[in-house]
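A.B. asks: For reference, the chains in residue letters:
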Amino acid sequence: MELQIDHISKSFKDKRAVDGVSMTLTPGVWGLLGANGAGKTTLMRMIAGIMEPDAGQIRYDGLPIGTLKGRYREIFGYLPQEFGFYPEFTVKDYLEYAAALKGLPVRDTKRRIMELLEMLSLSDVYRKKIVKLSGGMKRRVGIAQALLNEPELLIMDEPTSGLDPGERVRFRNLLSEFAKDRIVLISTHIVSDVEYIATRNAVMKDGGLIAEGTTEELVKLVDGKVWQCVISAERLPEYERRLRVVNLRNEADGRVSVRYLAENAGEAMALRMTGAGAEANAGTAPIPAAPRLEDLYLWLFPQDMAHDATGEQRKLVTDQHLADSSGREQVQAAKASSLEGGFRGAAGTVRTRGQAASDRDSDSASGQKKGGRNA
Amino acid sequence: MRVFYLELKRILKTRLTWILLLASLVMTLLMAWLPTTFVEVDGLKGLAAVRRLKEIQADTAGEVTPEKLQAALTAYQQCLKESGAETVRDLPDGVRTRRILPVTGILHGVNEVYADPETGIGLGLPNIDPAGLGDYYAACRARLMSLMRMEQKDHPAAQAVAIRLYEKVETPYHFYPGFNTDALDYQILLGFVLTLFAAVIAAPVFSSDYQTGADDIQRCMRHGRLALGAAKAGAALLVCGFTFSVCMVLFIVITDSLFGWETVGTSIQMLYSATMLADMTVLEIQWFTAGASLLSLLATVGLIVFLSARIRTTVAALAAALFSCVLPVFVYFSAPGSVGLWLRSLIPSSGAAGVQTSMLYTMLDYDFINVGSIAIWLPKAMVIATALELPLFAAAGVWSYVKHALK
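Just so you know, the sequences run in chain order H and E. 1 is the number of the first residue of the first sequence in our numbering; add one for each residue after it. 1 is the number of the first residue of the second sequence in our numbering; add one for each residue after it.
Hints are computed from structural coordinates only; laboratory data are not their basis. Here the structure is a predicted model, which is why all the values come from computation and not from measurement. Be a bit skeptical, because a hint or two may be false.
Under the rule of at most 25 Å between Cα atoms (straight-line distance), these lysine-lysine pairs were calculated in the DSS-like manner [said to hold, decoys possible]:
| hint | chain 1 | residue 1 | chain 2 | residue 2 |
| --- | --- | --- | --- | --- |
| 1 | E | Lys403 | H | Lys69 |
| 2 | H | Lys92 | H | Lys110 |
| 3 | H | Lys110 | H | Lys129 |
| 4 | E | Lys9 | H | Lys128 |
| 5 | E | Lys45 | H | Lys132 |
| 6 | H | Lys15 | E | Lys403 |
| 7 | E | Lys9 | H | Lys110 |
| 8 | H | Lys110 | E | Lys45 |
| 9 | H | Lys15 | H | Lys205 |
| 10 | H | Lys128 | E | Lys13 |
| 11 | H | Lys205 | H | Lys220 |
| 12 | E | Lys9 | H | Lys138 |
| 13 | H | Lys180 | H | Lys110 |
| 14 | E | Lys380 | E | Lys403 |
| 15 | E | Lys9 | H | Lys92 |
Please construct the entire structure, taking both the sequences and the accompanying hints into account.
C.D. replies: Structure (structure tokens):
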């Protein structure tokens with residue numbers, strides 16, 4: 001069982017939303033990571049068959065999904081980002097309607113609906129109108145409809161948005177169990193949702209696939225780039241200006257524990273020893289921290305660090321800092337090169353955008369169509 | 001079938017549908033009753049006036065023979081002569097009710113039939129020789145021929161078709177007093193209102209799913225394309241068609257019960273033009289216009305379903321749907337001549353929209369679609385067109401839905 005996404009592209013007017021994406025999805029949970037506008041939703045819509053790609057092909061077990069038609073939809077489950085429903089429907093009405101559309105036999109419908117209601121803690125609202133449910137409950141109804149036909153291929157776009165932490169944990173566990181012998185693709189920018197359950201992850205940026213691999217493989221890309229130190233609270237604004245701080249924690253002694261991203265420890269070391277009263281205020285020396293998927297995400301999408309009051313300033317400073325050191329283009333190239341290095345270092349199990357392009361070139365040269373997955 | 005049943009259930013669960021169904025029922029009852037309130041006879045109003053009118057004109061009920069016409073015209077003219085009045089307006093109310101009202105019903109078409117063949121202007125009942133009414137039905141035929149020469153001067157085929165149609169009209173006509181043409185006008189009006197309601201029900205069929213995003217999910221389901229599209233179009237057609245049929249049957253039953261079931265045996269020529277081409281009684285034309293309007297409504301719903309499948313927002317789909325309902329009225333007033341006739345025959349809502357553009361009023365007229373030596377009476381062309389358009393638009397709607405893709 002595999003879903004091959006072969007050089008898929010899609011453009012909207014002047015924007016190239018998906019740009020030559022190739023990957024092969026195999027059974028397990030796949031996390032599709034990327035910032036807003038990275039092209040995740042567009043890619044998912046094309047996999048769902050509700051949007052036609054401008055170029056490329058999607059194949060399920062070797063057959064184009066366009067030719068499979070109803071047979072593809074029979075094994076398919078989909079939860080879009082916006083869960084549309086009829087306002088007049090109760091949860092029961094909606095799930096019965098969806099079950100009929102999915103072709104579930106009448107005798108199995110009630111049993112399956114009851115199972116899912118129980119699983120998703122929706123039994124109490126079975127007869128309530130969906131429109132009157134909370135955002136999290138609505139989302140769970142959406143998840144229920146996607147799971148109704150026990151799909152072999154399940155695509156969920158931001159499934160955990162609106163779920164509270166407890167619901168998210170339950171959902172992750174449910175999905176892990178469900179994903180045995182099935183392909184599950186979850187798009188999210190909540191990294192923790194996929195960090196623990198994803199068999200593999202794909203990272204999209206500006207419409208392209210920039211990395212692919214297991215969580216362990218991907219975090220290696222930022223190995224040696226995640227640092228932590230403890231500083232005095234007075235020095236925090238300066239650190240925030242000069243470094244890509246990903247986490248802050250107030251310590252009991254009034255100092256602040258800082259986790260940040262940097263090519264090396266030098267920047268923080270220099271910062272530590274400069275400024276008025278630097279010695280008196282000096283904190284601990286930076287030490288490498290164990291990288292997490294979130295660190296990789298923030299390394300790849302620095303603009304996502306700009307969501308708080310100081311974030312925008314931090315991003316500007318970061319960009320300026322990078323540009324100052326060797327010119328912005330060079331820094332971008334260095335970043336890509338660093339990713340390539342990560343890929344190579346991971347013994348070829350992690351794909352990058354550069355490699356995808358190389359695949360494409362070799363495809364063109366050989367005239368063969370092949371899945372994007374690395375051997 | 002299960003998808004169709006659930007889709008039907010879904011439509012019937014929406015509050016808007018129930019409001020419109022209830023409004024349809026109320027409108028039906030109101031419009032069936034209203035025409036009786038317009039009748040005024042001998043100081044009486046409403047149903048009492050209808051009963052009084054039937055009593056007054058009882059002697060003229062039955063076949064409209066030349067002898068009856070001659071006797072009625074003689075009585076009419078004698079009354080004027082004895083009263084020294086030039087017109088009936090000069091007569092005292094009592095005299096008019098006692099001597100003129102009993103014969104006005106049966107003399108309905110006489111002035112028209114004996115109009116000047118060149119100008120079409122009626123001579124007036126006081127100036128028509130009762131002896132000439134001996135060949136009344138031949139005069140009707142002659143009047144139609146002169147009328148067709150004026151109306152279809154350049155189209156002899158149309159003239160010939162009109163004569164052929166009229167030859168099938170049963171003569172002598174029948175007249176049973178008491179029925180009021182307001183009832184037929186209100187039937188048309190009810191048909192138009194129900195068409196507008198149907199437009200409101202059908203417009204969101206696909207477009208609201210596009211707008212809410214429900215379509216994104218449904219489209220990924222096994223039966224979420226052709227089966228769902230057909231179920232949605234079918235359910236909209238069924239709900240609208242069933243509602244229209246029930247309301248029309250109810251309207252006709254109530255109207256005819258109020259005016260009296262014997263009155264609807266009257267030949268339609270005794271209420272409208274004496275040379276009308278349809279061979280029908282009032283009851284027959286009630287059912288025919290109801291049936292033709294139903295066909296028109298269904299074809300209109302088919303068109304709206306198609307528009308709904310093409311338009312991405314509910315508001316835009318509703319605007320387009322309502323516009324398609326009133327389009328024949330615009331065409332009637334802004335596109336005269338053969339272009340207007342062609343458009344009226346092709347626009348599916350023509351038979352159900354407006355009064356002047358309705359099937360009944362089109363049947364009162366002598367408009368033909370002329371293609372070379374072929375002439376088709378406009379009502380016939382409209383029925384044929386809507387019968388073809390209904391499956392065409394519905395299928396196009398379903399096809400558009402199946403092929404719909406996000407952009």
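A.B. asks: Taking the hints in turn, state whether each one holds.
C.D. replies: Structure-based check of all given hints:
no. : hint                  : verdict
1   : E/Lys403 <-> H/Lys69  : holds (12 Å)
2   : H/Lys92 <-> H/Lys110  : holds (9 Å)
3   : H/Lys110 <-> H/Lys129 : holds (18 Å)
4   : E/Lys9 <-> H/Lys128   : holds (17 Å)
5   : E/Lys45 <-> H/Lys132  : violated (53 Å)
6   : H/Lys15 <-> E/Lys403  : holds (24 Å)
7   : E/Lys9 <-> H/Lys110   : holds (18 Å)
8   : H/Lys110 <-> E/Lys45  : violated (61 Å)
9   : H/Lys15 <-> H/Lys205  : holds (13 Å)
10  : H/Lys128 <-> E/Lys13  : holds (14 Å)
11  : H/Lys205 <-> H/Lys220 : holds (19 Å)
12  : E/Lys9 <-> H/Lys138   : holds (22 Å)
13  : H/Lys180 <-> H/Lys110 : holds (24 Å)
14  : E/Lys380 <-> E/Lys403 : violated (34 Å)
15  : E/Lys9 <-> H/Lys92    : holds (13 Å)
This entry does not satisfy hints 5, 8 and 14, going by the numbered hints stated previously.
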